[in-house]
Amino acid sequence: MTNKSQICLTAEEIEDSKIILRVYAKSNSAVRAIEKQILKAALGSFYYKRGSSTLDQCNRIIDMIETKERYLTLREKTENVLETLKESDREFLTLRFVNKMQFADIADYFGWSLRNCFRRYDGATRAFCEAMKNDEFFEREKETVRSLPLYGLEKRKSDERRAEAMSRE
1 MTNKSQICLT AEEIEDSKII LRVYAKSNSA VRAIEKQILK AALGSFYYKR GSSTLDQCNR
61 IIDMIETKER YLTLREKTEN VLETLKESDR EFLTLRFVNK MQFADIADYF GWSLRNCFRR
121 YDGATRAFCE AMKNDEFFER EKETVRSLPL YGLEKRKSDE RRAEAMSRE
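For the sequence shown, counting from 1, position 138 maps to 138 in the numbering used here; every step adds exactly one.
Please note that a few of the clues may not be correct.
For lysine-lysine, the following DSBU-like pairs were computed, each having C-alpha atoms within a straight-line distance of at most 30 Å [what the hints assert, rightly or not]:
1) Lys142 - Lys86
2) Lys133 - Lys26
3) Lys26 - Lys77
4) Lys40 - Lys133
5) Lys26 - Lys36
6) Lys77 - Lys142
7) Lys26 - Lys86
8) Lys36 - Lys100
9) Lys86 - Lys100
10) Lys68 - Lys36
11) Lys142 - Lys68
12) Lys40 - Lys86
13) Lys142 - Lys36
14) Lys86 - Lys133
15) Lys100 - Lys68
16) Lys36 - Lys86
17) Lys100 - Lys133
18) Lys142 - Lys100
19) Lys68 - Lys133
20) Lys77 - Lys100
21) Lys40 - Lys26
22) Lys142 - Lys26
23) Lys68 - Lys26
24) Lys77 - Lys133
Pair ranges (Cβ atoms, derived) [said to hold, decoys possible]:
25) Phe103 - Cys58: 38 to 48 Å
26) Ser88 - Glu13: 20 to 30 Å
27) Ile62 - Trp112: 42 to 52 Å
28) Trp112 - Ile65: 39 to 49 Å
29) Thr10 - Leu43: 44 to 54 Å
30) Asp105 - Thr84: 45 to 55 Å
31) Asn116 - Glu66: 38 to 48 Å
Derived by calculation from the structure, the hints in this document are not laboratory data. Built from N, CA and C at the ideal position, the CB exists for glycine as well.
Please construct the entire structure, taking both the sequences and the accompanying hints into account.
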């Protein structure tokens, strides 16, 4: 028996939630990379030698700081949404996205069949997507989240094919 709220989820919403989980998993390394760029820009004389003004450099640093803030906000909000999920769904999503475990490894870890692992993955991502829809941050800031630099890099071809197949059903 399916929940009525799960029926209204579109393939695009589910794919967005998976992408948000991937960006969440990479947010720590992205923040560290941004901090390195800020230090290089602020302390390195290379940028000043190429003819950029101090104001241009300050504006670049401010833009990087704003991007860093968006990553940190996304991380905090995603953790809040993950806390609302069942423990098994939260652990499954953490293993899959943060620890980057393959489905076979997750199935072995929990002692499930591979088919059951895929069903649980579908259920966990749908639960995360539904929890995201209930959180006003993700509804209000959807475009801001999509504009983060990793959004375009994280979308894989397999995700696009899966979304296309789900939309045909």
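Evaluated hints:
no. : hint                       : in the structure
1   : Lys142 - Lys86             : holds (24 Å)
2   : Lys133 - Lys26             : holds (22 Å)
3   : Lys26 - Lys77              : holds (15 Å)
4   : Lys40 - Lys133             : violated (39 Å)
5   : Lys26 - Lys36              : holds (16 Å)
6   : Lys77 - Lys142             : holds (12 Å)
7   : Lys26 - Lys86              : holds (23 Å)
8   : Lys36 - Lys100             : holds (25 Å)
9   : Lys86 - Lys100             : holds (20 Å)
10  : Lys68 - Lys36              : holds (11 Å)
11  : Lys142 - Lys68             : holds (17 Å)
12  : Lys40 - Lys86              : violated (42 Å)
13  : Lys142 - Lys36             : holds (27 Å)
14  : Lys86 - Lys133             : holds (16 Å)
15  : Lys100 - Lys68             : holds (23 Å)
16  : Lys36 - Lys86              : violated (37 Å)
17  : Lys100 - Lys133            : holds (25 Å)
18  : Lys142 - Lys100            : holds (24 Å)
19  : Lys68 - Lys133             : holds (24 Å)
20  : Lys77 - Lys100             : holds (21 Å)
21  : Lys40 - Lys26              : holds (21 Å)
22  : Lys142 - Lys26             : holds (18 Å)
23  : Lys68 - Lys26              : holds (12 Å)
24  : Lys77 - Lys133             : holds (12 Å)
25  : Phe103 - Cys58: 38 to 48 Å : holds (47 Å)
26  : Ser88 - Glu13: 20 to 30 Å  : holds (22 Å)
27  : Ile62 - Trp112: 42 to 52 Å : holds (48 Å)
28  : Trp112 - Ile65: 39 to 49 Å : holds (44 Å)
29  : Thr10 - Leu43: 44 to 54 Å  : holds (47 Å)
30  : Asp105 - Thr84: 45 to 55 Å : violated (26 Å)
31  : Asn116 - Glu66: 38 to 48 Å : holds (43 Å)
Comparing the model with each earlier hint shows violations of hints 4, 12, 16 and 30; every other hint is respected.
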